[in-house]
Amino acid sequence: MKAYIRSAAIVAPQDGSAGTPLLRQVLTYTGNRLTCAEPDYNQFIDPRAIRRMSRIIKMGTAAAMQCLQLADVQMPGAITMGTAYGCLEDTGVFMKRMVEQHEEMLTPTSFIQSTHNTISAQIALQLQCHAYNNTFVHRGFSFESALLDAKMLLEEGQKQVLTGAADEITPYSFSILQRFGLYKTDPGNNIDLYNRPGKGTMAGEGAAFFLLDSSDHPGNYAIVDGLHTFYKPAGIETIWENITQFLAANELQPGDIDLLVTGRNGDAAGDKIYAEMQEAIFPEQVAIGFKFLCGEYPTASAFALWMAARILKEQQLPAVFGVTQPASLRRVLIYNHYEQIHHSLMLLRAC
Amino acid sequence: MSDLKAQIVAQLNLQHVKPEDIGDDMPLFAEGLGLDSIDALELIVLLQQEYKLKLNNAEEGPKVFRTVRTMAEYIKSHQA
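Chains as they are written, first to last, in this note's numbering: chain A, 1 to 351; chain B, 1 to 80.
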């Protein structure tokens, strides 16, 4: 069973408009945090519902609605999504009030909307979709788990599954993660991220949704041929083994990959893995990063999938990557790891 | 009642509604202002926060929260 990406949409730190070529204009951010370029949500969400939604819910719901609009599909057969952090803003509001108001007179909205599955529930509410609906909260594998579930649903006979991911960064979460040393402390901008080696990366956020379809349609973006995750590999050799075995399972050799998309994020220790892997397995392949465009967050691989799908659909590598376009753009491999713990591989093929 | 209307707009984040748009006798739920069950909970919290009133009998809810006027009357009669 093939899993076609029929449409894809984002709310991210970059403009994801479907009507203009991919990344024609790249948004730059100075400092160590990239935040979403938010659309006019009234285009995608019932204005009566917007009043109660926090930012992440609006981001996720708008990306999902836009995705369905692009496919001209009113009702998916199932909804799956991944989020690592869930609805942080509402969680923060609710917990702050718990403390300040001594657990008295707490408003229900922030409590109800602090749960991780609020976004997929809001999408279902907007659509009045009573079908299968599942949210995966698996840290750096959250999106991959949602995508795997969507692929399995197609294999079981579903025709169309809406799948995606969303994560936000709030002032609270940013300051906590910064204290953990996740982000760079030197001033700089996202375009120069890979020229600033050292410890840490830039924080990011975003929502991305995809309509997976079991049948071929004119205008489909790409086919998701394979998906593989591995957790805390013992060493670099284990990573190489996972990649070569994944390719072999898909009856491919490294040379069959036209474009490699890696999760380089400017953190020297994490980026070393990508550099060594590329040198060992894909010395001839064109490789590009994506986290200088969206920042680092646990479901950033969804942005990579959106970007790779658009590249395959448009058959054009945007100039921002500064690489020569490969002679053929048929197969793309996305390799990402989050914090060197959660590693994932996604294999895409042009339709 | 104008204060109460402003509090309702703020508590429920009714972005496209001005306090003066809410009629004294306009139904708050369904075909009137279109509020729902989550809003009802928010209104209970509003009564507690702003007027220190606790709605002890849940069955009173539909009567108390029918319109701004019924809410105002409830507040007035319980604030002695």
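It cannot be assumed that every hint is accurate.
Unchecked claim - Under 10 Å between C-beta atoms, here's a sample of chain A residues computed to sit facing chain B: (1) I45; (2) P47; (3) R48; (4) K96; (5) M98; (6) V99; (7) Q101; (8) E103; (9) L106; (10) T107; (11) P108; (12) T115; (13) R139.
What the hints assert, rightly or not - Sample of chain B residues lacking proximity to chain A, with all beta carbon distances greater than 10 Å (derived): (14) A6; (15) L14; (16) K18; (17) P27; (18) F29; (19) G34; (20) I38; (21) E42; (22) G61; (23) I75; (24) K76; (25) H78.
It is worth saying that the hints were derived from the structure and are not from the lab. All residues carry an ideal CB built from backbone N, CA and C; glycine is no exception.
So, going through the hints one by one against the coordinates:
At about 12 Å, the closest approach between the beta carbon of I45(A) and any beta carbon in chain B exceeds 10 Å, and the interface hint on this residue is violated. The interface hint given for P47(A) holds, since its Cβ lies 6 Å from the closest Cβ of chain B, which is under the 10 Å cut-off. Among the interface hints, the one on R48(A) holds; its C-beta lies about 7 Å from the nearest C-beta in chain B, closer than the 10 Å criterion. Here the hint on K96(A) is broken, as its CB sits about 15 Å from the closest CB of chain B, past 10 Å.
Using the Cβ-Cβ criterion of 10 Å, the hint placing M98(A) at the interface with chain B is not satisfied: the shortest such distance is roughly 13 Å. Among the interface hints, the one on V99(A) is violated; its C-beta lies about 16 Å from the nearest C-beta in chain B, farther than the 10 Å criterion. Checking Q101(A) against chain B: minimum C-beta separation of about 9 Å stays under 10 Å; hint holds. Given hint, E103(A) at the interface with chain B, is violated; its Cβ is 13 Å from that chain's nearest Cβ, farther than 10 Å.
The criterion of a C-beta within 10 Å of any C-beta in chain B is met by L106(A), whose closest approach is roughly 7 Å, and the hint holds. Contact between T107(A) and chain B, as hinted, is supported at the beta carbon level, the nearest pair being about 5 Å apart and thus within 10 Å. The restraint placing P108(A) at the interface with chain B holds, with a minimum CB-CB distance near 4 Å, inside the 10 Å limit. Because the closest C-beta pair between T115(A) and chain B is about 14 Å apart, greater than 10 Å, the hint is violated.
Restraint check, R139(A) versus chain B: the minimum CB separation of about 30 Å is more than 10 Å; hint violated. Look at A6(B): its CB is around 16 Å from the nearest CB on chain A, clear of 10 Å, so calling it non-interface holds up. L14(B), annotated as away from the interface, has a beta carbon of chain A within 10 Å; the closest lies near 6 Å. The Cβ of K18(B) lies farther than 10 Å from every Cβ of chain A, with a closest approach of about 14 Å, so its non-interface assignment holds.
Distance check for P27(B) against chain A: the nearest CB is about 16 Å away, which clears 10 Å, and the non-interface claim stands. Listed as outside the interface, F29(B) is consistent with that label: its C-beta sits roughly 13 Å from the nearest C-beta of chain A, beyond the 10 Å cut-off. G34(B), annotated as away from the interface, has a beta carbon of chain A within 10 Å; the closest lies near 7 Å. Non-interface call for I38(B) relative to chain A: violated, since the shortest CB-CB distance, roughly 6 Å, does not exceed 10 Å.
With a least beta-carbon separation of about 6 Å from chain A, E42(B) fails to lie farther than 10 Å from that chain, contradicting its non-interface assignment. The Cβ of G61(B) lies farther than 10 Å from every Cβ of chain A, with a closest approach of about 14 Å, so its non-interface assignment holds. No Cβ of chain A approaches the Cβ of I75(B) within 10 Å, the least distance being about 16 Å, so the stated non-interface status holds. Even its closest Cβ contact with chain A, about 21 Å, leaves K76(B) beyond 10 Å, as expected for a residue assigned away from the interface.
At roughly 16 Å, the least C-beta separation between H78(B) and chain A is larger than 10 Å, which holds for a residue marked as non-interface.
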